[in-house]
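Peer 1: Chains A, B and C are the protein sequences, given in the same order. Letter 366 of the first sequence, counting from 1, is numbered 366 in our numbering, and no numbers are missing. Letter 76 of the second sequence, counting from 1, is numbered 76 in our numbering, and no numbers are missing. Letter 109 of the third sequence, counting from 1, is numbered 109 in our numbering, and no numbers are missing.
Please keep in mind that the hints were generated in silico from the structure rather than gathered at the bench. There may be inaccurate statements among the hints.
As the list claims (entries may be wrong) - Just so you have them, the derived chain C footprint on chain B, three or more residues with Cβ under 8 Å: (1) 34-43; (2) 123-135.
To be verified - Derived DEER-like restraints, expressed as beta-carbon distance ranges: (3) A210(C) x G75(B): 53 to 61 Å; (4) Q59(C) x M159(B): 47 to 55 Å; (5) W214(C) x T60(B): 41 to 49 Å; (6) S126(A) x V291(B): 28 to 36 Å; (7) V287(B) x E390(A): 52 to 60 Å; (8) E203(C) x T60(B): 55 to 63 Å; (9) Q77(C) x A433(A): 42 to 50 Å.
Note that this is a predicted model, so its numbers are computed, not measured. Glycine residues also receive a C-beta, built at the ideal position from the N, C-alpha and C atoms.
The chain contents come next:
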Amino acid sequence: MSRKFFKPRSRAVAGLAAAVALGTVLAACGGGSDSDGGDTAAAGTQADLDAALEAGGELTYWSWTPSAKDQVAAFEKAYPNVKVNYANVGTNVDEYTKLTNAIEAGSGAPDVAQVEYYAIPQYALSESLLDLNSYGLGELESSYTASTWGQVTVDGKLFGLPQDSGPMAMFYNEKSFEAAGVTEVPKTWDEYIAAAKKVNEYNPDWHITSDTGDGGQTLSMIWQAGGHPLNVDGDKININFEDEGSKKYTAMWNQLHEADLLSDQVGWTDEWFRAMGDGSLVTLLSGAWMPGNMIANAAAGSGDWKVAPMPTYDGGTPVTAESGGSSMAVIKQSENPALAAAFVRWLNHDPESIKIFIESGGFPSTTADLSDPAFTGAESEYFGGQKINEVLAAAAGTVQPNWSYLPIQAYANTIFGDTAGKTSYNNNSDLNAGLAAWKAKIDEYATQQGFTVE
Amino acid sequence: MSSSTLSRPDSEGRAARRKARKDPGRPGAQKSIALTVLMGAFLIYTVLPLFWLVVNASKTQEQLFDSFGLWFADGFSLFSNISDTLSYQDGIFGRWILNTLLYVVIGAGGATLLATLAGYGMAKYRFPGRGAVFAIVLGAVAVPGTALAVPTFLMFSKMDLTNTIWAVIIPSLISPFGLYLMWVFAIEAVPTEILEAARMDGASELRTFFTISVKLLAPGIVTVLLFTTVATWNNYFLPLIMLSDPDLYPLTVGLNQWNAQAQSAGSQPVFDLVLTGSLLSIIPIVVAFLVLQRQWQSGLSAGSVK
Amino acid sequence: MTMASATAATVPPTSPPVRRKTRRNWRGWIFVGPFMAVFALVFIAPLAYAIYLSLFRRQLIGGNSFVGLDNYVQLFQDAAFWTSLTRVLLFLVIQVPIMLIIALVAAMIIDGARIYGANLFRIALFLPYAVPAVVAVLMWGFIYGDQFGLVGQLNDAIGTGFNPFDPSWILVSIGNIVTWSFVGYNMLLFYTTLKTIPAELYEAAELDGANQLWIMRAIKLPALRGTLVIATIFSIIGSFQLFNEPNILRPLVKSIITTDYTPNMYAYNLAFSGQQQNYSATVAIVMGLVTAIIAYVVQLRGSRTEDR
């Protein structure tokens, strides 16, 4: 056996060499065609978009928005000449993996894709998205909240139209607060920490909220604290979790985190939703898109919950941050960019589409809808008749300005668990150490990718 | 593998002896209750999760977490779950079943054909490059398939094959295990003398293969077919990266997408459907194994001794 | 790729004896050709492409450049890679022997005809092999849940606090899923081998007054050696390619099952999340080499012991 194993070595080597040669040829064929081909013809005005809609054509659209299917149906009804092939290819990172692969491969990408705000800089850097200014969509700026518009704009280029916004608020279980003796809704983080202790003393299985280490959530919390840890200037990257805002956040959150006052339920699992329903998870610090999920998945909590602005550090006027939120972007590979841009404009600007979106539980980014009395005045049964949109729409106007994400944010968020999670979350130790570990790994990656790390 | 099997006994004598030994083990051995109990414990370990799946596929989403995991809850919801599973998202689950069947029929069928031909060729012919074939197959298989996924994806997309059924089918046409099994099986199952005789009669090699050898290879073919069927049925990673259109998904990828669905704003967890779907997806393959057990076990026993 | 399909062929069948009557000519390619053509397309070409890729480095800023063996040098200094490799080695030296010993004992018991319902056992133990890895992990994931899963309910019942997702238990939990999936498969491999032992051997042993233990040592184990080597090599390769189980469990425990938990997950995440396809290809090639070498050593040792 063993002798036989080696006998054909010379021929095997020859075979391998042939295979290598073959691979080189294949690779050589593959090279070069990676370059983006779409930048040439895309230029015009909004009038061209109207014309494209009339002329019609076929589009592919990737999204995981629950209302996407209904929106597409309404669109096709309004513009019978256009056929939209809609597919849900996976949620956020799953979609990005496919999108990036298709862009890399040079074919197979959709014309229009849902891209979250944090991922916009990444695709902007790789020049994968169409600058919608080339069809005059920049004119729509005044229709959207400043914080969402800011997130789809990179260096003056417009890479998508905002779909929803996620200004953060504090959702709380009023009944649990009452049971635990928390009589006043926390307005500052100090009060929040005091409430956390009361809740946990009342019932050791109850927790003020959960945190198992999530990069996106952590950044939003730092954002809310006024931090600017992620600084990008062209190909220079500077990550600084030592700035005032970041320190404010870690000093505050450590008091909960190190004292083991937070639940270790993983977000979006059934356990998590059940804890919302049975009152053991007492608050959620989450984006304005949260109510729809609670209504659908934590029905048992109906009537117990309320919403309030995020607690502040200084007791002053409430400020908040964005958590999540998506835009629709046109991929440069699109062979019909005008039609794709027109579709994006309809999806996230046309009142009919936005109405469908809001009815499915979405939280809009358009100022007209956010200030529409029909929207803000709606009473939510789940929230005991509270006009929750009033609180949430107000939050949308108090988002801390000038936030930016890294052009490698998706990967950075992926390795949060590897670094900060491993360092700080497995043993409830100092968050600063975890953030330092995260920074080190991102810096290393950024350097490998050719960025100048400062 | 070992020296004892290297110096292979002549095939006829061995087959004869194998036939002679009907009862496994020592004839007349006394039954042991202790051993039966020990094996019973082992049986519980392997069957318990399957039992759990059946039990929980019969519960509503609410009951899944309210009731004791290893027994049925009030109201047997299996059938309503099945109809929910089949009708959810416009009945896409049925589409996934059909896709999986298509991938299995073409993929596993093709893999079995190629492996049978190649294993037979390796066993019965000496030809230039035979050693290299062996070495290359061996070396390539040791490289983690998941890591080759990217180059494969890039290549396939240059050939416009991604997001088509061929992106799933073509890679599953290769079953090195099938090649191995057929190789070993063919050595004994097809006596070289028969081939010589056929050649004397002027039959072409392919004709000989399809008229004579195939029949002799039948048990091996059934075994390879079953194993390639399992491999294709369970294929997850490759379709996951190759396909972006849910209408082309096989069951595994579709089920995992339903499972992951809970983790996004605005959508609904459907754990009850995931469990029912999982149950539905393993039933056909289990039935196939049970029905064909006589065939594949005889094929396997021929293959594994070497 | 399932463990069986990916792994089996690494074990060469004993090179079939050279049939003296068979002439050496090209006709064999009629049969081997189609397989090799497809094989070249789906294995060799991507492998060659991976080797090619591993010599380059593509950056988000700066584009593509030839770097020679830099990626390999980097890999040898990459602590994340070595940690993950050590982890699968640990997994291998613990999980594989346990699984194979259980399979071996079960095969011997069933073959020994000393239990009731041997047929039922043989088939039932094999069933998990037919369960897709995705479904197996989903099932066990639910069972492991320490709040609402079966483990949680058992904990409540007997007052323990066992958590299968604890950092110190997670590898065991993964090992359990793998064992569950493949123990019956290995058992069946052993069992079918045992069935081919000629009855005369047992009869002769009985005439000599040998007991069961002696028969096991002198007849059964030697007969199983070849199969054991094959099964070991399959399992080694399966361990080195560990991916599906940890990857599907990962969303539940991101700070424990990290993106570089196993070499295969590392390669996958480098390529798909990190856009480092060149480095990912390097990881794949080095892992392939390591796997091939270890599989070869095991095989060599397996046959050498036998020669004595």
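Peer 1: For which of the previously enumerated hints does the structure constitute a violation, in increasing order of number?
Peer 2: 4, 5, 6, 9
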